[in-house]
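Going down the list, the protein sequences come from chains U and B.
If you count the first sequence from 1, position 280 lands on 279 in numbering that gives the first Met the number 0, and the numbers rise without skipping.
If you count the second sequence from 1, position 324 lands on 323 in numbering that gives the first Met the number 0, and the numbers rise without skipping.
By construction, these hints were calculated from the structure, which means they are not laboratory data.
One or more hints might be untrue.
[Stated by the list, open to error] A few chain U residues that don't get close to chain B, going by computed Cβ distances all over 10 angstroms:
no.	residue
1	A13
2	K29
3	Q98
4	N142
5	K187
6	A385
[To be verified] Coverage of chain B stretches by chain U, computed from C-beta distances (three or more under 8 angstroms per stretch; other residues unrestricted):
no.	region
7	40-53
8	95-108
9	311-318
10	376-383
Values in this document were obtained by computation on a predicted structure and should not be read as measured data.
Don't be surprised by glycine CBs; every beta carbon is placed ideally from N, CA and C.
2 protein chains.
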Amino acid sequence: MALVVQKYGGTSVANIDKIANVANKVIRTKEAGNDVVVVLSAMAGETDRLIGLAQKAADNPDGREYDSLISTGEQITVSLLAIMLNAMGCPAKSLLGFQVRILTDKAFKKARILTVETTAIQNELGKGTVVVVAGFQGVDPDNNITTLGRGGSDTSAVALAAALKADVCDIYTDVDGVYTTDPNICSKARRLDRITYDEMLEMARAGAKVLQPRSVELAKKYNVPVYVKSSFTDEGGTLVTKEEREMEKEVVSGVTYDRDQAKITVVHVPDRPGVAARLFTPLSENNIVVDMIIQNASIQGHTDMTFTVSRKDIRDAKRIISDVLKDVGAEKLEVDDNVAKVSIIGVGMISHSGVAAKMFATLAREGINIMMISTSEIKVSCVVEAKYAELAVTVLHDAFGLERES
Amino acid sequence: MALVVQKYGGTSVANIDKIANVANKVIRTKEAGNDVVVVLSAMAGETDRLIGLAQKAADNPDGREYDSLISTGEQITVSLLAIMLNAMGCPAKSLLGFQVRILTDKAFKKARILTVETTAIQNELGKGTVVVVAGFQGVDPDNNITTLGRGGSDTSAVALAAALKADVCDIYTDVDGVYTTDPNICSKARRLDRITYDEMLEMARAGAKVLQPRSVELAKKYNVPVYVKSSFTDEGGTLVTKEEREMEKEVVSGVTYDRDQAKITVVHVPDRPGVAARLFTPLSENNIVVDMIIQNASIQGHTDMTFTVSRKDIRDAKRIISDVLKDVGAEKLEVDDNVAKVSIIGVGMISHSGVAAKMFATLAREGINIMMISTSEIKVSCVVEAKYAELAVTVLHDAFGLERES
């Protein structure tokens, strides 16, 4: 008997019929002899509806109240699934963040999970009950409802799987696995049977929408096997797991792109120790995630510093950096949101030279100018003009031979 | 400085504009130097939408899950009001049932409040914060979310006012007070400036929709002055309070009707001790409220027993009584849901004879047949055919001279 955590996204629970489909899948898993913990998102569109209400109520809604408001979306789907399962003869119980006790910090709108209590869930599992947990939400030490940020239900699922020492965490979504690149823009994209945590992490960070990066980090940290599957077919699926010998054969396993990027340049910064800290500390204190950071070589004691943030954070980032601009002696701020990030990812890269060079040459051949470059052990990312994103993905997918059957 | 509890119903928070209207009223009360606790219902129509979802999910939804589902309606309005108040410069914090800790029993869908913790609220009030509490909901000793049944937000408001020893509990609704009868069916209806708890209780029980009877019981028990006001005008209002000398002058203060009634007759019951208990104990165990009970004189050791229940409970009541029918030796069951209850109410009745007789004569003069009669110290109720409800109200309102200015 295995303990299975299953997470279903918003499109999988978009209406009563689809929730019935989920109920059937849950019952099948249960009847196969497993203990089942289900994690749900809100119905597709519901969170946006609630955010719309909040924004009609105030330009800049109070974070605590915002979280309490938008957490109702998951409360609705978990109750509905539990109602349905019980009516179908499968004992089930929904648990909200405060009922499980998924303890988070106090960073409203993007809280991080501190601990997950397992007693309540294990008591129910012991009685043969299917436990249906509201994704995306937790509760801080003062009993305030918090939410984990967009895509937070993936993180909820993996955190639960880790805390419960589950055998597997199935992430059901509207695609049937992880692809070498986005099939919508590259018809040659191929589904991967397996991918390592690190590759998945880089792909998620680099813009692949399948899994939330934080959920992959957690899965890696606690070695939780994550299976990405379609909730509409029983075929396919990609297993995200730790690195194994045989997986090294491919140099590059995926190409990703991310249009949700904006580039901010702080012009003519004095090249003194502590300047970077004074720029980036207030950003992180305001929970703004900075992705790439590039500092040009210093000329006459001054340099330009460029970084990228998510487009939704542009306004806040501009305000925060403007406040410290004079303080650090910089000249001005330039913002460009007409950019995209294109990345190649693969654990094989570490032991193969020339991968980055091949990427640059491929882009150059198409006349695509590279604005920023950032590399990690298993990833090379380039920021290019937004209009070139699809072309770049297609030519890189070809150049690294990803379309071939492996 | 007074402590004011204000409750706003579903029509008062039906959309963002109306919630803004509530925010203004709250700020005015706060700026007048009061501590303010606000209790909200769900947006008009939202609870019905959620019930609709539950019923699409199952014919007979699990009670625990049903309550968790429908409690989201109030969670949404309290967050939105708190967002708005904060944005308007008035510090505010929403609290849900589990956050206040409004402890109830485990009777899902119609839970009763056991205790209300005041620490969290008083801490916030001490900081000058307006506290916005979700009405209609509580939490049982096992941290399950419970709801108090329809109209439960009135009960929440009065329970909070009692626990906090508030100076007044304002119930804002879509009418501007308590009337001698329903103005929609009797144009001569007159608004009362004051009414006693007992009269209000009888009026609420007898079908007047202004206040939930349980909330009036609570108000009476803890002597909480309740002010019924319109959320759309600043005029009018009716104070519900304890009896005072001057209030005795009127014999009858109101006429009510209730169409939400069904009459169930258990035919040919053996007239033995314990029979009534065996009929009504299982009904009360299933939380079905029995209103009037009439037992005819016994003929040859058998009698007929007739009682009324709310129409929504007919199906359950039939099933429960059918189960014990043979057991008590009764012949059969007859159900009539084509009935209405018409009542006259007034504390003055106790010291005036002939009030009931005048009621019966007035109805007889119009050819209205009385099917059941029940009396209390301050009320006489008659069950009549449903089609006569409006006529009965109008002629009784005239007969007892309620239209005159007092």
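Comparing the hints with the structure gives:
Every C-beta of chain B lies more than 10 angstroms from that of A13 (chain U), the closest at about 13 angstroms, which supports listing it as non-interface. Every Cβ of chain B is farther than 10 angstroms from the Cβ of K29 (chain U); the closest lies at roughly 17 angstroms, confirming the non-interface assignment. Distance to chain B contradicts Q98 (chain U) as a non-interface residue, since its nearest Cβ pair spans about 5 angstroms, not more than 10 angstroms. Taking the minimum C-beta to C-beta distance to chain B, about 5 angstroms, the non-interface status of N142 (chain U) is violated against the 10 angstroms cut.
Annotated as non-interface, K187 (chain U) keeps its C-beta farther than 10 angstroms from every C-beta of chain B; the closest such distance is 42 angstroms. Against the 10 angstroms criterion, A385 (chain U) stays outside the reach of chain B, whose nearest CB is about 34 angstroms from its own CB. Evaluation of the coverage hint for the region 40-53 of chain B: fulfilled, as 3 residues show C-beta separations to chain U shorter than 8 angstroms, against a requirement of three. Only residues whose beta carbon comes within less than 8 angstroms of a beta carbon in chain U count, and the region 95-108 of chain B has 3; three or more means the coverage holds.
Given a C-beta distance limit of less than 8 angstroms, the hint that chain U covers the region 311-318 of chain B is violated, as 0 residues qualify and 3 are needed. A count of 0 residues in the region 376-383 of chain B with a Cβ less than 8 angstroms from any Cβ of chain U is obtained; the coverage claim is therefore unmet, three being the minimum.
In this structure, the earlier hints numbered 3, 4, 9 and 10 are contradicted, and the remaining ones agree with it.
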